[in-house]
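S.K.: Please model the entire structure based on the sequences and the hints provided.
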Amino acid sequence: MTMPQLSGDARPGLAPGVRLTFDKARDQWVVLAPERVLVPDETALEILQRCNGTRQLTDIIDELASAYSADRSEIEQDVRDLLASLIEKRILTA
Amino acid sequence: MSAPGIPAPPLAALLELTHRCPLQCPYCSNPLELERAKNELSAAEWTRVLDEAAELGILQVHFSGGEPAVRRDLPDLVAHAREIGLYSNLITSGVTLDQARIAKLADAGLDHVQLSIQDVDHQTAAFIANYPGVQGKKLAFARMVREAGLPLTINAVINRHNITRVERMIDLAVSLGASRVEVAHAQYYGWAIRNRAALMPTLAQVREATERVEAARGRLRGQIVIDHVVPDYYARQPKACMGGWGRQFLNITPSGEVLPCHAAQTIPGLTFESVRHKPLAEIWASSKAFERFRGTDWMPEPCRSCDQREVDWGGCRCQALAITGNAAATDPACALSSAHDSLRALADTASSEPPPDFVYRRMTPHDDKTALAAATS
Ligand code: SF4
Ligand code: SF4
Numbered sequence: 467m468t469m470p471q472l473s474g475d476a477r478p479g480l481a482p483g484v485r486l487t488f489d490k491a492r493d494q495w496v497v498l499a500p501e502r503v504l505v506p507d508e509t510a511l512e513i514l515q516r517c518n519g520t521r522q523l524t525d526i527i528d529e530l531a532s533a534y535s536a537d538r539s540e541i542e543q544d545v546r547d548l549l550a551s552l553i554e555k556r557i558l559t560a
Numbered sequence: 091m092s093a094p095g096i097p098a099p100p101l102a103a104l105l106e107l108t109h110r111c112p113l114q115c116p117y118c119s120n121p122l123e124l125e126r127a128k129n130e131l132s133a134a135e136w137t138r139v140l141d142e143a144a145e146l147g148i149l150q151v152h153f154s155g156g157e158p159a160v161r162r163d164l165p166d167l168v169a170h171a172r173e174i175g176l177y178s179n180l181i182t183s184g185v186t187l188d189q190a191r192i193a194k195l196a197d198a199g200l201d202h203v204q205l206s207i208q209d210v211d212h213q214t215a216a217f218i219a220n221y222p223g224v225q226g227k228k229l230a231f232a233r234m235v236r237e238a239g240l241p242l243t244i245n246a247v248i249n250r251h252n253i254t255r256v257e258r259m260i261d262l263a264v265s266l267g268a269s270r271v272e273v274a275h276a277q278y279y280g281w282a283i284r285n286r287a288a289l290m291p292t293l294a295q296v297r298e299a300t301e302r303v304e305a306a307r308g309r310l311r312g313q314i315v316i317d318h319v320v321p322d323y324y325a326r327q328p329k330a331c332m333g334g335w336g337r338q339f340l341n342i343t344p345s346g347e348v349l350p351c352h353a354a355q356t357i358p359g360l361t362f363e364s365v366r367h368k369p370l371a372e373i374w375a376s377s378k379a380f381e382r383f384r385g386t387d388w389m390p391e392p393c394r395s396c397d398q399r400e401v402d403w404g405g406c407r408c409q410a411l412a413i414t415g416n417a418a419a420t421d422p423a424c425a426l427s428s429a430h431d432s433l434r435a436l437a438d439t440a441s442s443e444p445p446p447d448f449v450y451r452r453m454t455p456h457d458d459k460t461a462l463a464a465a466t467s
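Chains A and B, in that order, are what the protein sequence lines are. Residues 467 to 560 in this note's numbering are what the first sequence lists, from first letter to last. Residues 91 to 467 in this note's numbering are what the second sequence lists, from first letter to last.
Bear in mind the hints are in silico, worked out from the structure with no lab data behind them. Treat the hints loosely; a few may be bogus.
As a list, the in silico DSSO-like pairs of lysine-lysine whose alpha-carbon atoms are at most 27 Å apart [as the list claims (entries may be wrong)]:
no., chain 1, residue 1, chain 2, residue 2
1, B, Lys378, B, Lys329
2, A, Lys555, B, Lys329
3, A, Lys555, A, Lys490
4, A, Lys490, B, Lys368
5, B, Lys378, B, Lys368
6, B, Lys128, B, Lys194
Some chain A residues flagged as far from chain B (calculated, every beta-carbon gap over 12 Å) [to be verified]:
no., residue
7, Thr487
8, Asn518
9, Arg521
For glycine and all other residues, C-beta sits at the position ideal for the given N, C-alpha and C.
M.R.: So, in C-alpha cells, the structure goes:
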C-alpha cells in the first residue's frame with residue numbers, strides 16, 4: 467500500500483507522544499518518541515520545526531523555498547518525502 | 091566521540107520503582123530474588139535520581155517494575171520528570187490504574203504508556219499471568235489510556251502458549267488505538283529462564299509467526315508501527331543488547347543499584363553501586379560493572395576481529411553466561427559462537443516436549459508478607 471498524497475492544506479504536526487527538544491548534553495536537536503531518539507539532520511530539522519500542527523503544507527514549502535532560495539518543486543519533493551516517511555513511522559501526523 | 095576515558099552519556103534509563111506486582115508472569119524479567127518493599131527508594135530519593143539523570147544527559151526514562159503503579163507517588167515522579175525535560179514512559183501491566191489515576195498521570199505530563207498483554211484469548215491470558223480476569227482489566231485500561239489522550243504501545247509477549255495468535259494480537263493493538271505494537275518474544279533471563287521449556291515455541295512456529303507479522307506489516311502500513319525481533323534462540327546474529335553494554339542505557343533497581351542491564355546481577359564477580367551512596371554520573375563513568383564489558387576491548391574471538399563488533403557489541407552478556415557459563419563469551423545467539431548449536435538444541439528439545447507447568451513469579455512466602463504489609467501500610 468502506498469501512502470495517499472498529502473493535500474497542500476494539510477497541517478502536519480508532531481504525533482502524540484513525540485517531542486522535539488534541544489539536548490543540552492549533546493548540543494543538538496533531538497526527536498523523542500516511544501523507544502526512540504532520532505537526531506534530525508539540518509534539512510529535516512528545518513522541516514520539523516515548521517510542523518507545528520497549525521502551519522499548512524504549502525506554506526511550509528513556500529517558506530523553505532524562499533529561505534534557501536531554492537527551486538520550489540525540488541523543495542516540495544524533499545518535504546513530501548520526509549513527511550511521508552515520518553508519518554509512516556508515527557513521528558508526525560497530518 | 092567523547093574524550094578518551096569519559097564515556098558518552100546514556101540516552102535512557104529504566105527505573106524499576108518496585109518489584110511488587112499483582113501479576114505472576116512466568117517470563118518476568120525481574121530477578122528470581124525480588125526486592126522487598128521496605129528497601130525501595132523513597133519518592134525523595136527517586137526525585138534526586140531523576141535530577142541526576144537529566145543532568146547526566148539521559149533523555150528518556152521508563153517507569154517500570156514490577157508494577158510501577160503500585161507506588162502512590164508515581165504521578166509526582168512523572169510530574170518531576172516532565173518539569174526537568176525528561177521524556178517519560180510508563181511500562182505497566184494495566185491492572186491497578188483507574189480512570190482518575192490515569193487522568194492524574196496525563197496531567198502530570200506522562201508522554202507515553204506501554205501496556206503488556208499476555209494474549210487475545212482471555213483464558214490463556216489469565217493462565218499466563220496467573221490472574222483471573224486479567225484481559226478484561228487490560229482492555230478497559232487501554233481504552234481509558236486512549237480516552238485520556240495518551241499514546242499507547244502494546245507489548246505482546248510471545249511464547250508457545252500464544253504464538254499462533256500473534257496476528258490477532260496485532261489486530262487487537264490496532265483496535266485499541268495503539269500507535270505501536272512490539273511483538274516481543276519472551277527473553278530468557280530472570281524468571282523466563284526458569285520457565286524456558288514452558289515458554290519456548292518451535293522453530294516452525296517462530297517461522298510461521300514471522301510470516302504473519304510480515305503480512306500484518308504490509309496490511310497495516312501507516313496504521314500502526316510494528317516492531318518485531320527474531321527470538322535469540324532461533325537467530326543467527328545476536329541483538330545489540332542494551333545498544334551495547336554501558337553505551338546508551340542503564341537500569342536502576344528498586345533499592346537503587348545501578349545496572350548495565352536488568353539481568354546483570356546474575357553475572358558473578360560484578361559489584362554494583364547504588365544511587366544511595368554515589369552520584370549517578372560517577373557510577374556511569376567509573377563503576378567497575380559498567381567498565382567490565384564497555385566497548386570492544388573485553389571481546390574474545392570471534393567478536394574481536396569481526397566487522398559486526400560495533401553493530402551488535404557481541405550480543406548479550408547474561409545470555410553468554412546462562413548458556414556457556416562465561417559472561418565474557420560471544421553470545422551463543424551468534425552463528426559464529428561455538429555454543430550456537432547447543433543453544434539451538436536447547437530450544438529444539440524444550441519446544442518439542444509437552445510444556446511443563448509454569449513456575450509463577452512471586453516473592454518467597456516470607457517476602458510476600460513483608461511486601462503486602464508495606465503495600466497496605
Ligand atoms: S512481567 Fe508480569 S509479573 Fe513481571 S512485572 Fe510485568 S506484569 Fe508483573
Ligand atoms: S562474532 Fe561477535 S561481533 Fe561478530 S556477529 Fe557474532 S556476536 Fe557479533
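S.K.: State for each hint whether it applies.
M.R.: To see whether the hints hold, each was checked on the structure:
A C-alpha spacing of about 24 Å is found between Lys378 of chain B and Lys329 of chain B, which places the hinted pair at or below 27 Å, so the restraint holds. Taken as a hint, the Lys555 of chain A and Lys329 of chain B pair is honoured in the structure, with Cα atoms around 21 Å apart against an allowance of 27 Å. Pair hint Lys555 of chain A plus Lys490 of chain A holds up; C-alpha atoms about 25 Å apart against a cutoff of 27 Å. Restraint check: the Cα-Cα separation between Lys490 of chain A and Lys368 of chain B comes to about 23 Å, which is no more than 27 Å; the hinted pair holds.
A hinted pair counts as satisfied when its Cα atoms are at most 27 Å apart, and Lys378 of chain B with Lys368 of chain B qualifies at roughly 13 Å. A C-alpha spacing of about 26 Å is found between Lys128 of chain B and Lys194 of chain B, which places the hinted pair at or below 27 Å, so the restraint holds. At roughly 7 Å from the closest C-beta of chain B, the C-beta of Thr487 of chain A falls inside 12 Å, breaking its exclusion from the interface. Residue placement check: Asn518 of chain A keeps its beta carbon more than 12 Å from all beta carbons of chain B (closest about 18 Å).
Under the 12 Å C-beta cut-off, the non-interface status given to Arg521 of chain A relative to chain B holds; the minimum distance is some 22 Å.
When held up to the earlier numbered hints, the structure conflicts with hint 7 and nothing else.
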